[in-house]
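Engineer: Chains as they are written, first to last, in my numbering: chain A, 397 to 628; chain B, 0 to 294.
Accuracy of the hints is not assured; some may be wrong.
[As the list claims (entries may be wrong)] Here are the in silico distance ranges between beta carbons for each label pair:
(1) Tyr-280(B) x Ala-466(A): 49 to 57 Å
(2) Gln-200(B) x Asn-580(A): 26 to 34 Å
(3) Tyr-280(B) x Asp-468(A): 15 to 23 Å
Hints in this document: simulated from the structure, not taken from any laboratory. Note that the coordinates shown come from a computational prediction; the quantities given were computed from them, not determined experimentally. Backbone N, C-alpha and C fix where the C-beta goes; we use that ideal spot for every residue, glycine too.
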Amino acid sequence: MVRFENVGMRYGLGPEVLRDISFNLLPGSFHFLTGPTGAGKSSLLKLLALSHRPSRGLITLFNKEVSSLARDDLPAMRRKIGVVYQDFRLLDHLSALDNVALPLKLAGAKNDQIYQHVAELLEWVGLGRQVDAKPPTLSGGEKQRVAIARAVINRPQLLIADEPTGSMDAEMGLRLMYLLQELNKIGTTVVVATHDLELISRFGNPVMYLKDGLLTTRAQDNPPPKESKDPA
Amino acid sequence: MIQFFGKSAELQLEKDVSTRYLPVVISAMIFLAALSIGGLFSLSKAISDWSETLTGNLTVEIAFDPTADLDKKVTDAVELLSATPGVAAARAIEQEETLKLLEPFLGKNAALGELPVPRLIEVIIAEDSAIDLAALNKKLVEAVPAARLDIHRPWLDKMVLLGRSIQLLAAGIMLLIGCVTVIIVIFAVRTGLIMHSEVIQVLHLIGARDNYIAEQFQNYFSRLSFLGALPGLIVAIIVMFIFNFLVSSLEASMLPPLSVGIEGAIALLLLPVLVALLTKYTVRQVVLKSLRRMM
Ligand SMILES: Nc1ncnc2c1ncn2[C@@H]1O[C@H](COP(=O)(O)OP(=O)(O)OP(=O)(O)O)[C@@H](O)[C@H]1O
Ligand SMILES: [Mg+2]
């Protein structure tokens with residue numbers, strides 16, 4: 397599903413913020429990514445989200461080597477990946493409803509199918525009354541839930557969440573983690589970056605520990621070197 | 000009308016204040032372009048009129064000579080001219096007719112034959128025939144020594160040349176206007192790209208194709224161009240009408256009135272469409288180029 401081989405990454409001409417990252421995520425797995433602030437968690441997720449290129453090494457996503465992909469293939473691939481950004485990245489002039497509906501629209505779904513579905517999901521994350529609110533009028537936790545809803549709306553095969561529960565109380569955080577877990581159960585591969593050790597220990601999923609751009613604890617369920625074909 | 004070219008759903012370019020100046024500038028550009036087109040087509044009509052006079056109608060003059068048989072000379076010349084390929088008709092102008100033309104100068108009762116009035120032959124050149132007038136003149140002089148083909152060539156040649164230079168100038172102005180328009184549009188789009196870079200990035204990462212993003216830009220900007228072009232064109236047409244009115248009220252004017260003809264009218268009406276298309280293409284190139292810098 398996801399394979400990193402000796403991946404390094406730098407911003408512009410700056411120093412490498414990620415070095416020699418190698419790991420392998422099986423389809424349907426659920427990993428936490430943790431480490432001190434500035435360790436490079438968000439940077440690693442940017443590579444996964446196809447928003448940045450590695451400066452070296454090979455990244456394989458959905459059985460395709462990313463650097464070999466044509467530009468035209470990338471949008472279709474991104475649509476299989478749901479991302480919750482640390483800074484949400486919602487579109488301020490669109491309502492919560494339209495923000496969440498966006499991935500479906502871009503994928504070409506029909507309007508009448510979209511909105512029913514989106515409204516239900518927003519209801520589920522506790523934003524039933526804020527469907528028409530624009531992001532600037534929402535609280536941090538509310539924005540975060542809109543961002544999560546947008547990431548999961550089209551049932552991505554890979555879900556990446558950067559501190560998805562950082563801006564809300566523990567109860568709501570748990571509720572959303574269960575949402576991610578539900579998605580994981582129906583086959584989505586999930587990677588969650590978090591500082592919240594309590595959350596990690598509660599769920600007991602494998603943990604990748606990042607420090608100074610190096611991955612110190614590898615994914616625990618590393619497969620045998622020759623992997624069989626991904627079902628995804 | 001606002002919905003006509005499609006709305007920019009996610010980028011909401013319609014709310015940008017920074018691009019509102021664009022229609023005004025485009026309007027001015029189209030105004031100038033329309034006047035150039037008006038000049039261009041009017042001139043080309045005038046030039047073709049002149050060229051027609053140049054080749055369509057000639058006069059052969061046979062000098063008065065009391066000792067010679069003028070009638071025979073005229074008949075000889077008419078025969079020769081009629082036999083020349085490219086000449087549609089050659090007709091001797093009757094002496095009465097000639098005198099009539101001269102009446103205002105000579106008075107009514109001028110006696111025929113006593114006056115040194117040259118004999119005239121009207122020659123009509125067939126349409127679309129490329130006739131070598133100099134060669135014809137030579138042939139004519141050989142056959143009938145006193146005959147002379149009257150060509151208004153040197154003077155009209157200069158007029159045609161002048162007209163063509165002005166046409167070239169107008170075409171150059173058009174080209175300049177096109178370039179300036181493209182540059183203005185490029186700047187406007189760049190501003191838009193910078194202002195909306197956040198949203199563009201998000202759309203891009205959610206899986207929007209370059210085309211999808213480019214379309215929102217190109218639709219918005221071509222709509223601005225089109226709507227800006229209309230007032231510019233209308234004002235230019237009004238100005239041309241006023242010019243024509245002034246020319247026609249000035250009786251013995253050297254200036255011909257502007258008359259663009261069908262082709263010119265079509266070119267004028269196409270102008271807004273062309274600007275919209277030019278804008279669309281330019282915007283598309285700029286946006287796609289900037290998107291290609293993202294992964
Ligand atoms: N856009 C950028 N340009 C240049 N350097 C960057 C950029 N983003 C991050 N960095 C640098 O990369 C390093 C890793 O940053 P990153 O955001 O990946 O850390 P993080 O582990 O997500 O931290 P946090 O837990 O605080 O979110 C940091 O040293 C940071 O300064
Ligand atoms: Mg981070």
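Engineer: Just to be sure I understand the hint, the distance between the Cβ atoms of Gln-200(B) and Asn-580(A) should be within 26 to 34 Å; is that true here?
Structural biologist: holds (27 Å)
Engineer: Honestly, do Tyr-280(B) and Ala-466(A) meet the 49 to 57 Å range at C-beta?
Structural biologist: Violated: the Cβ-Cβ distance is about 24 Å, outside 49 to 57 Å.
Engineer: Is the distance from the Cβ of Tyr-280(B) to the Cβ of Asp-468(A) consistent with 15 to 23 Å?
Structural biologist: Distance hint for Tyr-280(B), Asp-468(A) holds at roughly 21 Å.
In the structure shown, a violation is registered for the earlier hint numbered 1 alone.
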